[in-house]
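Assemble the complex: chain F is given as a structure, and chains Z and B must be docked to it using the hints.
Chains as they are written, first to last, in full-length UniProt numbering: chain F, 1 to 201; chain Z, 1 to 201; chain B, 1 to 201.
Treat each hint with caution, since some may be false.
One copy or two, it doesn't matter: identical chains are merged, so the pair holds either way.
Okay, derived cross-link-like pairs now, DSSO-like style, lysine-lysine, Cα gap no bigger than 30 Å in a straight line [stated by the list, open to error]:
hint, residue 1, residue 2
1, K80, K191
2, K80, K24
3, K24, K191
4, K24, K189
5, K164, K24
6, K189, K80
7, K25, K189
8, K25, K80
In case anyone wonders, no lab produced these hints; they're calculated from the structure.
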Amino acid sequence: MFYIIDIIGTIAFAISGVLVAMEKKMDPFGILIIAFVTAIGGGTLRDVLIGETPVSWMVNMTYTYVIIVAAVLAVLFRRKINYLRTSLFLFDTIGIGFFTVVGVEKGLSVGLHPIICIALGTISACFGGVIRDILCNEIPVIFRKEIYATACILGGLTYFLIRKFPIDENVVFVIAGIVVIVIRLLAVKFKISLPTVYHNK
Amino acid sequence: MFYIIDIIGTIAFAISGVLVAMEKKMDPFGILIIAFVTAIGGGTLRDVLIGETPVSWMVNMTYTYVIIVAAVLAVLFRRKINYLRTSLFLFDTIGIGFFTVVGVEKGLSVGLHPIICIALGTISACFGGVIRDILCNEIPVIFRKEIYATACILGGLTYFLIRKFPIDENVVFVIAGIVVIVIRLLAVKFKISLPTVYHNK
Amino acid sequence: MFYIIDIIGTIAFAISGVLVAMEKKMDPFGILIIAFVTAIGGGTLRDVLIGETPVSWMVNMTYTYVIIVAAVLAVLFRRKINYLRTSLFLFDTIGIGFFTVVGVEKGLSVGLHPIICIALGTISACFGGVIRDILCNEIPVIFRKEIYATACILGGLTYFLIRKFPIDENVVFVIAGIVVIVIRLLAVKFKISLPTVYHNK
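Only chain F is shown next, with the shape it has when bound in the complex:
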C-alpha cells in the first residue's frame, strides 16, 4: 500500500514537472531532468535528512522506470494533457497528498517525534516542487498565496489524530492523503488563503 502510494505520487509529480518544463520550451533531456527532479526531490531530501542512504530512488529502479515512462507519455500525449493543463495543480495536489503521508510514515519508522514527522512529510511533499520552480526560474508555488504547505501540515495532523482510533493502517494512510488533497482543492476553488502578515514602515 505504502509502496503503491509512493509510485502514484511519483507519477503525478513527474507529469507536473513535464508540464512546467514544456512551458519553458526545454529540450527533451531538460524535460526529463525536470520531471525526475520534481518527482524525486522531496523524497531525496527526506532520505538525506534522516540518513537513509543511498537514497531510495538509487536502490529501487522502479522510480526511474516509472518517471521515464510517465515523462515520455506526458510529452507524446501533450495535446490531450493540455485539456487538463488548467489543472496542472491537480497533479501537483495528488503528489503532495500522497508524499506527505509517505514522509510522515518514514519519520515514524526511524522513531522521530510526531511534530518532526509532520515537518518531514511537508518537506517530502513540497521540496520537489520548490526545486522544479527554482530550476525553471519561477517563484516557488509554495510561497505564492495559495494554501499549500498548510494543507500538508493539516494532513499530517489528521494522520496522528485518526491513528489513535482502531482503524486499519492503510485506511489511515489514504484518509490523511485525501485530507491534504481536499483541503488544497477547496482552498483553490474558493480562493481561500491565509491573510498575509506585515505592517507599514
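Only chains Z and B this time, still in chain F's reference frame:
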C-alpha cells in the same frame, strides 16, 4: 555552554527570517517556514556533510519549540521589532557569530582538519541566510558587497589561534563568536568592504 | 588514475567558477567561495546521496589546496586567461567530462545499477555548475539550449559499452571522459542542439 550558544543563534536567525518573510508579505505559515529554514538551514547542511543524521533539529525538539515561539513573538511584537528593523542585520550578525563557532566545534568533534572546520563553521553560519534569500527571491546577502563570510573565516582563525593558550574552552568559544560579530559590525558601520576583482574585456 | 582525473576536473571547475565570479565583480572571498562551490558542489551532492560522509573534500585536503591555488592563480593571471575567456566553456567541458566518469565509478563502487550510475555521474558533473549559476543569479547553463547533460549521459553510456571489451580500466575511464568533452565541443562548434518540445495553447 555549547548548547546555549546554539539556541541563541537559532533564535536570532529565526527572527531574521520572520523579518525578511514579513517584508515579502507572506502568510503566517510562509513566515514560519522561512523562520525555520533560516534557523536550521546552516546546521542541517553541516550535519548532512559530516553524516550526523537524523540531523540535529530532528532528534532534539528544543530547536523546533524555540523557533516556533520566537517566530510567533516576532510576528506579534512586529511593531516593537520595527524599531530594530534598520538593524535586521544585528540578528543576522549574532546568528552568524555563534553558528560559526558551533560549526567549527562540530568539525573538530569528528576529527576534521582546522581549515575544513573553519569552512564548516562558515557554511553553518551562512547557508541558512543563503536559503532564506534564495526562497525570498533576494540576491543572497553573502554576495552583496559587505564583509560577511570573511568575518566567519576570521572568527574561525581566531578560534584556532587563541585555543593554543591556556584559556577555558567556553571563553575561547565566546571570544571567537564575538570576533565574528565585531568584525561584521565594524565593517558595516565604517562601510569597509573588500575591493572587487575584475578587469575590462 | 581515478584520483588524478578527479583533481584535473576540480582545477577546471575552480577556474570556471573564478571566471564567472569575476564577471559578477565579486570581492576576493566571494570569488574563492564560488570557485570552491563550483569545484566541489557536484561531488558533494554525489557523496551525500550515496551516504559517503564526511564528504570527500572534508577528509582529503588535496581538493582544498588545489582549489585555493587554482583560484589565486586564475585571479592573478586573469589577463592571460582572458584570451581563453571565449572558451570559459572549455574549462567547464573538461570538468564535466572527467567528473561524469568519476561519478559513474563511485556509483559502481557502492553497487548501484548502471542507469543510476549514469545519473550519478551526470549529477556529479552538472550540479557544481548549477549551484554556481544559481548563486551568481544566472539561468543554469545546463538548461540553456546547448547540449550539456546530454553529453554526460552519452559519455556514461559509452563507459558501460566499452567496459565489456577487454580494455584496461584506465583507458575506459579516459575514453568515456573524452567522449563527453568531444560531444559537447562538437555540439557547441556546430551549434547542434536538441529540438525543444512544446505546443501552442
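Verification of the hints:
1. For the identical chains of this complex, K80 and K191 are intra-copy neighbours only, at 27 Å inside a copy versus 33 Å across copies, given an alpha-carbon limit of 30 Å.
2. When the C-alpha separation of K80 and K24 is checked against a cutoff of 30 Å, the pair qualifies only within one copy, where the shortest distance is 19 Å, while the shortest distance between copies is 38 Å.
3. Both within a single protomer and between protomers do K24 and K191 lie at most 30 Å apart by alpha-carbon distance, with minima of 26 Å and 20 Å respectively.
4. Taking the closest pair of Cα atoms, K24 and K189 come within 30 Å of each other both inside a single copy (26 Å) and across two copies (25 Å).
5. For a Cα distance limit of 30 Å, the shortest separation of K164 from K24 qualifies neither inside one copy, at 46 Å, nor across copies, at 39 Å.
6. In the homo-oligomer, the alpha carbons of K189 and K80 lie at most 30 Å apart inside one protomer (23 Å), although the nearest pairing across protomers, at 37 Å, exceeds that limit.
7. With identical chains, the CA atoms of K25 and K189 are at most 30 Å apart both within one copy (29 Å) and between copies (22 Å).
8. In the homo-oligomer, the alpha carbons of K25 and K80 lie at most 30 Å apart inside one protomer (18 Å), although the nearest pairing across protomers, at 38 Å, exceeds that limit.
The structure is inconsistent with hint 5 alone, although it conforms to all the rest.
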